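K.L.:
Single-letter residue listing:
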Amino acid sequence: MCRVFFISLQLTTNTPHLSAKPLIRTLAKVTNKTNSGSGPGDSELIERYLQEQNPEYFTLLYRRYAGKVFAKCISMLGDEALAHDAVQDIFIKVFLNLSRFSAQSSFSTWLYSITYNFCIDLIRKKKKIPVLLADDVGRIGDEPEVDVPDSVLLEMKQDRLEKVLQEMPEGDRIILLMKYMDDMSIKDIADFFNKTESAIKMQIMRAKQKAQQIYDSLYATDPLVS
Amino acid sequence: MEERSNSFKMLEAKWEAGLPPELERRISSQTTNMAVFGRVVELFMPNALETVVQMIGGSGDTGPQADFLPGRRPEPDAWPDWRTPPGKR
Chain G
1 MCRVFFISLQ LTTNTPHLSA KPLIRTLAKV TNKTNSGSGP GDSELIERYL QEQNPEYFTL
61 LYRRYAGKVF AKCISMLGDE ALAHDAVQDI FIKVFLNLSR FSAQSSFSTW LYSITYNFCI
121 DLIRKKKKIP VLLADDVGRI GDEPEVDVPD SVLLEMKQDR LEKVLQEMPE GDRIILLMKY
181 MDDMSIKDIA DFFNKTESAI KMQIMRAKQK AQQIYDSLYA TDPLVS
Chain V
227 MEERSNSFKM LEAKWEAGLP PELERRISSQ TTNMAVFGRV VELFMPNALE TVVQMIGGSG
287 DTGPQADFLP GRRPEPDAWP DWRTPPGKR
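Just so you know, the sequences run in chain order G and V. Sequential numbering of the first sequence, starting at 1, is according to the numbering used here. Sequential numbering of the second sequence, starting at 227, is according to the numbering used here.
Same shape as in the complex, but just chain V (with noise of 0.2 Å):
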């Protein structure tokens, strides 16, 4: 079957075909330091806000090490020796 001749298509060709290469570089580069800032916060800013939260007088007792922090005794199935705890056997 023979395709119908459409302007509306050719025009769309003409225009696509007008596309600044450099406009590719501009977006390439936006979106990799975009990605890369991410990444940035996404490995580092746990560590440093609860850096600045220590710094600042705050206590990092939320976070993961919370039971093994000085003078802080952990509770006794968390115990990190190799002795039995009392009253465990």
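If we strip away everything but chain G, and leave its shape as in the complex, we get (with noise of 0.2 Å):
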């Protein structure tokens, strides 16, 4: 068994589509490329990858999207060892079910929304809250009396917003970084927890008054806006 497996990685290893050196040139000029805009998008490198099985067109993907995916799963999760793993988990993830992709939707939307669904289930596992967003969200005569301005989230110091993001029940928390980090349409956010659009208005409103509220609790000699 152990010589199939050597003679496998022979074979793999002279493969010339598969030599390492020339294929990272190519790889690097692509980046090159497609940090400057006119390079080969995702789709073209998935295609690339699923014709010829070379992870390193996978890396090249990892290399787009990694710190966005670490940014999304450490201000979900919170915490960075826990980040650290979720994102390996998800690039496998993907990695996996790459043929599964279809080009509907954009690549990012896509790693996007297993980011959030990976992190999502993660949250529910370890506190065991069995859903993030109550279903009475959005219920009329029960909205929020003041409609905190965005710009007050906005224009927060950075290190403040952090501490605000989390002390934040974790849907209010997500809901808000789909809609500022993420610049998530209402509609989008509503398809992906499965609520009414008027349902999302309402949370984020009830969560940017939640956030208001802890920035008061923590910095109450402060002004809000710094």
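In short, the hints are calculated from the structure, not lab data. Please read all numbers here as calculations on a predicted model, not as lab measurements. Careful, some of the hints might be misleading.
Stated by the list, open to error - Examples of chain V residues toward chain G, derived with CB under 10 Å: (1) N232; (2) S233; (3) F234; (4) L237; (5) W241; (6) E250; (7) Q256; (8) M260; (9) A261; (10) G264; (11) R265; (12) E268; (13) E276.
All C-beta atoms, glycine included, are put in the ideal place defined by N, C-alpha and C.
Two chains, each in its own frame: build the complex with the hints.
P.N.:
Shown next as structure tokens:
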């Protein structure tokens, strides 16, 4: 069996399209091209990977998106070590399911939805929270009195915002991150959580109000917008 | 038009910068191993399975070589000989 494995390794390394150095050079060119906005897109890289089964193409995709995925994981999980493991698991999951990716949506959308789902599942398992968003969201007559302006959150000091987000309930934090970090539309968020758009609007209003309350409790002596 | 400041984006950039480089090596080695294993399976598994089947007493008469097994007469149309089969001109 070892011999078989060794022969297969030899075959793999002797295969012209798998020789490492020229490929890495090609990928470096691709990276540069992509950074300048004229290189092959994600779909093309996935297509090449599926044709040639070369993991280097996947490495390139990883380099493009790992930072964003890591930022999302750390923002949702609030723990660096957990976020490292999550990034690894997410990319392995993506690697194993690349053939199922359909070009109906962009690769980034697909990847981020996997990231969100993975982190939400992890939170549910760890903290034993059955649902992140309550079902009564958007009930008529239950609206928050004050709509906190977006600028309050958007112009908050970075370290304070980080602290406020850490203190928030998971569902509220995730919905604010989707709205303000990922610029997702209300419709997309509603589709993701399988809720109505009005329910999501209400949830965002409540989350903003909660953020303000947490800010006030943490930094009562300072003005809200710093 | 002046771009509005967004603390969320700044926070995201800060977190992105904290991605450890060794994570890429870990993921890259894992994906490479999986790809190599996939190739091994693809290249050798059919023959290995056939060998196992023959070792445990099964017959490999469902494969492409089935017509040419010893003691089994091939179909006239698949006659592996230069001679013309009887009845064919």
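K.L.:
Would you settle whether the hint for A261 (chain V) is holds or violated, based on the nearest Cβ-Cβ distance to chain G being less than 10 Å?
P.N.:
A261 (chain V) check passes; min Cβ-Cβ to chain G is 5 Å, inside 10 Å.
K.L.:
Does R265 (chain V) pass the interface hint, meaning its C-beta sits closer than 10 Å to a C-beta of chain G?
P.N.:
6 Å, holds
K.L.:
Do the numbers back the hint for F234 (chain V), that is, is its least Cβ distance to chain G under 10 Å?
P.N.:
Hint on F234 (chain V): holds, closest Cβ of chain G at ~4 Å, below 10 Å.
K.L.:
May I ask you to test the interface hint for M260 (chain V) with respect to chain G, counting a Cβ-Cβ separation under 10 Å as satisfied?
P.N.:
Where the cut-off is 10 Å and the nearest Cβ of chain G is about 7 Å from M260 (chain V), the hint holds.
K.L.:
Double-check G264 (chain V) for me: the hint is only fine if its C-beta lies closer than 10 Å to a C-beta in chain G.
P.N.:
Hint on G264 (chain V): holds, closest Cβ of chain G at ~7 Å, below 10 Å.
K.L.:
Given a cut of 10 Å on the nearest C-beta pair, is the interface hint for E268 (chain V) held or broken against chain G?
P.N.:
9 Å, holds
K.L.:
Against chain G, run the beta carbon of Q256 (chain V) and see if the smallest gap drops under 10 Å.
P.N.:
Holds, about 6 Å.
K.L.:
Mind checking the CB of W241 (chain V) against every CB in chain G and telling me if the closest is under 10 Å?
P.N.:
4 Å, holds
K.L.:
Less than 10 Å between beta-carbons is the criterion; does N232 (chain V) satisfy it with respect to chain G?
P.N.:
Hint on N232 (chain V): holds, closest Cβ of chain G at ~5 Å, below 10 Å.
K.L.:
When the nearest CB of chain G is found for E276 (chain V), is that gap smaller than 10 Å?
P.N.:
14 Å, violated
K.L.:
Given L237 (chain V) was flagged as interface, is its beta-carbon under 10 Å from a beta-carbon of chain G?
P.N.:
Holds. Min distance 5 Å.
K.L.:
How about E250 (chain V): closest beta carbon in chain G under 10 Å, or not?
P.N.:
6 Å, holds
Of the numbered hints given earlier, the model fails hint 13 alone.
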